[in-house]
Every structure is written in structure tokens, then in C-alpha cells.
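**Q** Sequence:
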Amino acid sequence: METTYRDAIAELETILRALETDTVDVDELTARVQRSATLIRLCKQKLRTAEDAIDRVFENLDQDEELPEPEAPAPTPPAKRAPKTPRDISGGLLF
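Residue 62 in our numbering sits at position 27 of the sequence shown, and the numbers go up by one each step.
Everything hinted at is true.
Each computed DMTMM-like pair below joins lysine to aspartate or glutamate, with the alpha-carbon atoms no more than 20 Å apart:
no.: 1; residue 1: K81; residue 2: D42
no.: 2; residue 1: K81; residue 2: E48
no.: 3; residue 1: K79; residue 2: E46
no.: 4; residue 1: K81; residue 2: E46
no.: 5; residue 1: K79; residue 2: E48
no.: 6; residue 1: K79; residue 2: D90
no.: 7; residue 1: K79; residue 2: D42
no.: 8; residue 1: K81; residue 2: E37
no.: 9; residue 1: K79; residue 2: E37
Computed Cβ-Cβ distance ranges for the label pairs, DEER-style:
no.: 10; residue 1: F93; residue 2: L47; range: 27 to 37 Å
no.: 11; residue 1: D62; residue 2: D87; range: 33 to 43 Å
no.: 12; residue 1: V68; residue 2: A88; range: 24 to 34 Å
no.: 13; residue 1: D97; residue 2: T56; range: 47 to 57 Å
no.: 14; residue 1: R41; residue 2: E63; range: 21 to 31 Å
no.: 15; residue 1: D57; residue 2: L96; range: 43 to 53 Å
no.: 16; residue 1: L96; residue 2: A72; range: 31 to 41 Å
no.: 17; residue 1: D97; residue 2: T65; range: 46 to 56 Å
no.: 18; residue 1: V92; residue 2: L51; range: 32 to 42 Å
no.: 19; residue 1: E55; residue 2: R83; range: 20 to 30 Å
no.: 20; residue 1: D90; residue 2: T39; range: 16 to 26 Å
no.: 21; residue 1: E86; residue 2: E48; range: 18 to 28 Å
no.: 22; residue 1: M36; residue 2: A88; range: 14 to 24 Å
no.: 23; residue 1: A45; residue 2: T65; range: 20 to 30 Å
The set of hints was computed from the structure by calculation and includes no laboratory data.
The C-beta atom is built at its ideal place from N, Cα and C for all residues, glycine as well.
Taking the hints into account, I'd like the entire structure generated from these sequences.
**A** This is how it looks when you write it as C-alpha cells:
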């Protein structure tokens with residue numbers, strides 16, 4: 036059975052606790068350090084694989100959802116002014 040990321044982390048934590056409490060004798064130390072290195076490589080590989088898979092998902096989303104560029108809003112026509120009331124030269128109303 037393949038070691039999962041979670042199992043690898045749990046085993047690394049167990050090894051670390053054993054090393055911190057000095058319960059590992061010198062004969063076991065080398066084996067534990069080698070196993071730790073193997074587990075760390077496994078975790079790194081699983082993280083890279085997950086990252087690549089996530090990147091592919093987002094790339095596919097970008098390709099699938101190629102939306103047209105939003106069009107610039109049409110310019111607003113200038114406001115219409117009320118027609119001027121005819122006035123005579125002096126500025127008074129003609130009617």
C-alpha cells in the first residue's frame with residue numbers, strides 16, 4: 036500500500052518526538068534519519084504533484100472560459116438643451 040502524505044507526516048512527527056526525547060539508541064539513529072529523508076522526499080513529491088494538478092485545473096478553467104473582452108460603454112450623448120426662446124435685440128420676449 037502506498038504511503039499517504041498524512042501518514043508520512045505522522046511518521047515524521049513520531050520520529051521527531053523519539054529523537055527529541057532521546058529514546059532512539061545510536062544504532063537506530065541512522066535508520067531513523069534515512070527513513071526521515073525518504074519520507075521528506077515523498078512529501079515533497081506529493082506536494083509537487085498536487086500543485087501541478089491544481090495548476091492544470093486553473094489552466095483548463097482559463098481556456099474553457101475564454102470570455103470576450105468587455106466592450107467599452109458607449110459614450111453618453113450630450114444632454115439636450117431646451118430650445119431658446121426667441122428674444123428681441125434688447126433681450127425681451129418677442130411674444
